[in-house]
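Going by UniProt numbering, the first residue of the sequence shown is number 1, and it counts up by one from there.
If you are wondering where the hints come from, they were derived from the structure by calculation, not from laboratory data. For each residue, glycine too, the CB sits at the ideal point set by N, CA and C.
Here are the computed distance ranges between Cβ atoms for each label pair: (1) Asp115 with Ala4: 46 to 54 angstroms; (2) Ala311 with Asp185: 38 to 46 angstroms; (3) Pro244 with Pro32: 20 to 28 angstroms; (4) Asp10 with Arg112: 40 to 48 angstroms; (5) Ala132 with Leu280: 33 to 41 angstroms; (6) Asp10 with Thr177: 43 to 51 angstroms.
As a list, the in silico DSSO-like pairs of lysine-lysine whose alpha-carbon atoms are at most 30 angstroms apart: (7) Lys168 with Lys249; (8) Lys321 with Lys95; (9) Lys321 with Lys249; (10) Lys6 with Lys168; (11) Lys6 with Lys321; (12) Lys6 with Lys249.
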Amino acid sequence: MLDAAKAVVDTGVGLDLEGVLAVLRCSDEELPDYLAIAHEVRMTWCGPEVEVEGIVSLKTGGCPEDCHFCSQSGLFTSPVRAVWLDIPSLVEAAKQTAATGATEFCIVAAVRGPDQRLMTQLADGVAAIRAAVDINIAASLGMLTQEQVDQLAELGIHRYNHNLETAKSHFPQVVTTHTWDERWDTLRMVRDAGMEVCCGGILGLGETVEQRAEFAIQLQELDPHEVPLNFLNPRPGTPLGDQPVLDPKDALRAIAAFRLALPRTLLRYAGGREITLGDLGTRDGLLGGVNAVIVGNYLTTLGRSADQDLALLDELSMPVKALSATL
Numbered sequence: 001m002l003d004a005a006k007a008v009v010d011t012g013v014g015l016d017l018e019g020v021l022a023v024l025r026c027s028d029e030e031l032p033d034y035l036a037i038a039h040e041v042r043m044t045w046c047g048p049e050v051e052v053e054g055i056v057s058l059k060t061g062g063c064p065e066d067c068h069f070c071s072q073s074g075l076f077t078s079p080v081r082a083v084w085l086d087i088p089s090l091v092e093a094a095k096q097t098a099a100t101g102a103t104e105f106c107i108v109a110a111v112r113g114p115d116q117r118l119m120t121q122l123a124d125g126v127a128a129i130r131a132a133v134d135i136n137i138a139a140s141l142g143m144l145t146q147e148q149v150d151q152l153a154e155l156g157i158h159r160y161n162h163n164l165e166t167a168k169s170h171f172p173q174v175v176t177t178h179t180w181d182e183r184w185d186t187l188r189m190v191r192d193a194g195m196e197v198c199c200g201g202i203l204g205l206g207e208t209v210e211q212r213a214e215f216a217i218q219l220q221e222l223d224p225h226e227v228p229l230n231f232l233n234p235r236p237g238t239p240l241g242d243q244p245v246l247d248p249k250d251a252l253r254a255i256a257a258f259r260l261a262l263p264r265t266l267l268r269y270a271g272g273r274e275i276t277l278g279d280l281g282t283r284d285g286l287l288g289g290v291n292a293v294i295v296g297n298y299l300t301t302l303g304r305s306a307d308q309d310l311a312l313l314d315e316l317s318m319p320v321k322a323l324s325a326t327l
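Please put together the full structure from these sequences, using the hints given.
Right under this line is the structure:
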């Protein structure tokens with residue numbers, strides 16, 4: 001199957017289900033070859049630049065949904081409690097994110113979907129950030145109505161994150177309070193409104209290798225602008241709190257497979273890479289298809305320092321993407 005992977009370099013057309021499965025099942029001896037091909041695909045179809053992003057939670061905890069990996073659910077005994085972030089703190093976080101060279105600042109809320117209070121606070125926050133710093137603003141507010149999608153587009157939110165989390169066949173084992181199709185409907189409305197779609201998921205949720213491949217192909221069908229790859233960092237008090245951390249080589253297999261399935265997509269390192277891959281694995285992933293990074297901390301877990309990531313990008317001669325004047 002190496003020949004099929006090499007063909008992606010020339011054609012820019014992602015692997016099919018059989019090809020993705022072959023990468024996910026490759027031997028330890030074959031893995032470096034697949035990572036090298038994935039890197040060549042990334043350089044050919046995306047270029048050397050790396051997009052850097054920071055995220056901040058506007059509302060943390062107290063979510064009514066039962067996503068089994070998430071410590072922000074109000075249904076579990078995990079220690080995260082509901083809090084709101086004030087506007088000055090939001091602006092300060094955006095300034096700190098921009099100071100790292102990041103071009104993207106994502107405002108996240110732990111909700112099923114936004115109510116009017118949240119939409120109003122978001123609008124106020126966006127206005128305050130725009131007055132203080134030049135940075136692209138993205139949002140992640142759960143499932144949306146058409147009216148809310150239109151409001152976000154009017155605010156100038158250029159990218160919306162809503163993860164499908166896992167393959168459709170595995171989703172009912174991970175979430176029971178809403179469906180995979182409900183998430184898909186939000187993503188469709190976001191795309192139709194002209195916003196960029198950011199959609200990925202978490203690997204290591206107990207899915208099979210076949211379901212991991214299914215997920216990659218479902219993302220291929222969606223064709224999002226960006227795919228954040230998270231690796232489960234088991235949170236105490238959640239139903240998946242005792243789930244083992246994904247094997248680092250399986251994580252690297254997934255990075256190569258998702259890049260080869262999605263040759264033209266921003267493939268972003270997100271939560272869990274520190275505990276799953278460590279420093280050496282983080283480097284291997286950047287040389288195996290990853291071309292975007294969340295710097296600093298995540299929503300409820302600690303990440304690597306921004307300085308560490310930026311130093312690594314400099315060492316690998318991977319320039320940080322400049323802010324686009326068109327957005």
